[in-house]
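First to last, the sequence lines map onto chains W and P. Under the working numbering, the first sequence has 452 at position 180, and the numbering climbs by one with no breaks. Under the working numbering, the second sequence has 447 at position 175, and the numbering climbs by one with no breaks.
None of these hints come from the bench; they were simulated from the model. Treat the hints with care, as some may be off.
Chain copies aren't distinguished; within one or between two, either way the pair holds.
Straight-line C-alpha distance at most 27 Å; calculated DSSO-like pairs for lysine-lysine [as the list claims (entries may be wrong)]:
#, residue 1, residue 2
1, 375, 334
2, 279, 450
3, 414, 279
4, 375, 297
5, 334, 400
6, 275, 400
7, 410, 325
8, 414, 334
9, 410, 297
10, 325, 414
11, 410, 275
12, 275, 414
13, 450, 400
14, 410, 450
15, 315, 375
Number of protein chains: 2
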Amino acid sequence: MPKIVDKDEMRNMLLDAAVRVFADKGYHAATISNVAAAAGIAKGTLYLYFESKDALTVAIAKRQFDALEHQIMLQENEETLDGFLEYLRRIMDVTDAEATSYKVFFEVLGPAFVSKRFEREAATFFDKLGRRYANQIKHLQKRGEIAAGYDADAIGRVFASMLDGVVLHRGLFGVPRKRHRRMVSQAVTLLGAGLRSRPLVQGFADKPDNKARPAGAS
Amino acid sequence: MPKIVDKDEMRNMLLDAAVRVFADKGYHAATISNVAAAAGIAKGTLYLYFESKDALTVAIAKRQFDALEHQIMLQENEETLDGFLEYLRRIMDVTDAEATSYKVFFEVLGPAFVSKRFEREAATFFDKLGRRYANQIKHLQKRGEIAAGYDADAIGRVFASMLDGVVLHRGLFGVPRKRHRRMVSQAVTLLGAGLRSRPLVQGFADKPDNKARPAGAS
DNA sequence: GACAATTATGACCAAGCGGTCATTAAAACG
DNA sequence: CGTTTTAATGACCGCTTGGTCATAATTGTC
């Protein structure tokens, strides 16, 4: 008898609209009314799907994280260094649209970092990401494609941070795509050359029987 | 005859107060009145020194970036790759206190990125930083310490982004110093190995007159 | 102390916000 | 159809905020 609406679909549509508005006006300046208007509905309707602006924000962050996790984490290990490098290139070579979305994410997440819960979530994500890279690197070390001397766990985390830096800067500072591509190309070359070579020992003894403990969370 | 105030000093004092308040309550939640109260003056007085909240924010950013600029930019080029690597290590190996300060900076000013003026300020800083690295790299290329095939300008920017990523993550996610040090050590090794080696051509034509010496690598 | 120029004040305001709710519209069913 | 349940609406409210300004306080100089 009743009118029926696909709530999940609606919520997603609203999140899309919200991201658009946030990107356009900035999180601060964007109002609930703006979001509703962008979605083509009335303000009151929006409140049927999200109880507050904060809930809307959290939902955006959560969706973004989940998407990233899906996109990045659930991927097979590459079998060659070149394959891995190509993968890195894809990760770093974000489109303009993606860059915008990262910027919004940053802006939205900034204040959210005040909450320990958010900090944890983000930290966990990057921790997982770092471990995933570590895993990939170990795999290639076994295959002899990457110098065995590297501490894969540490390098994995380093990759996670570094790639994030590159992607974030592209989004935050609106680096033109063309210039960015050159940067990515050079970065990939640099990292590839570094991984291939036998690293010089640097004060830290790289024990061959590296037990690869992720060192756990606090 | 008149009452006289050192305006610069006053402005600095107000910026200090603002940073404290922003860090405490978050940028969004912090009001001009809060800042004034924290500084022990009336709201109206604050407006004698900063025309708006936005101006206050930009001033904070500018002061911070200027300080960083002084610290980082006005440094002589290193004459050897090892010297440069040691420099990179110092940059990345931030203390706990510095890490906290970075975190606050992120938390507080993330949302401030809506302000185009702020964005410009930040972008300009990292642009300068990228150029500084590019300069350093060119220098070492001339001396044959870094493979000539690299596009120094692009690599310089890449370094700026990557190092920022590493430092930011340390601050944001509270990476323990010990683990961070291992990461830095590995990162330096990786980057060093990458810079030293002759990069493999990647679709970009490298000029054949590659003067790079292996410089110690096998 | 009297003056003049500068600096400080905080009550005040308009604007705009997030959020509510009584009312209306829509649509699935018999 | 008419009925019934859900969905949609937007005027409205209370409250906070950034920002103003007429007034008061301060202080160097004579």
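Under the constraints set out in the numbered hints, which ones does this structure not fulfil? 2, 3, 6, 7, 8, 9, 10, 11, 12
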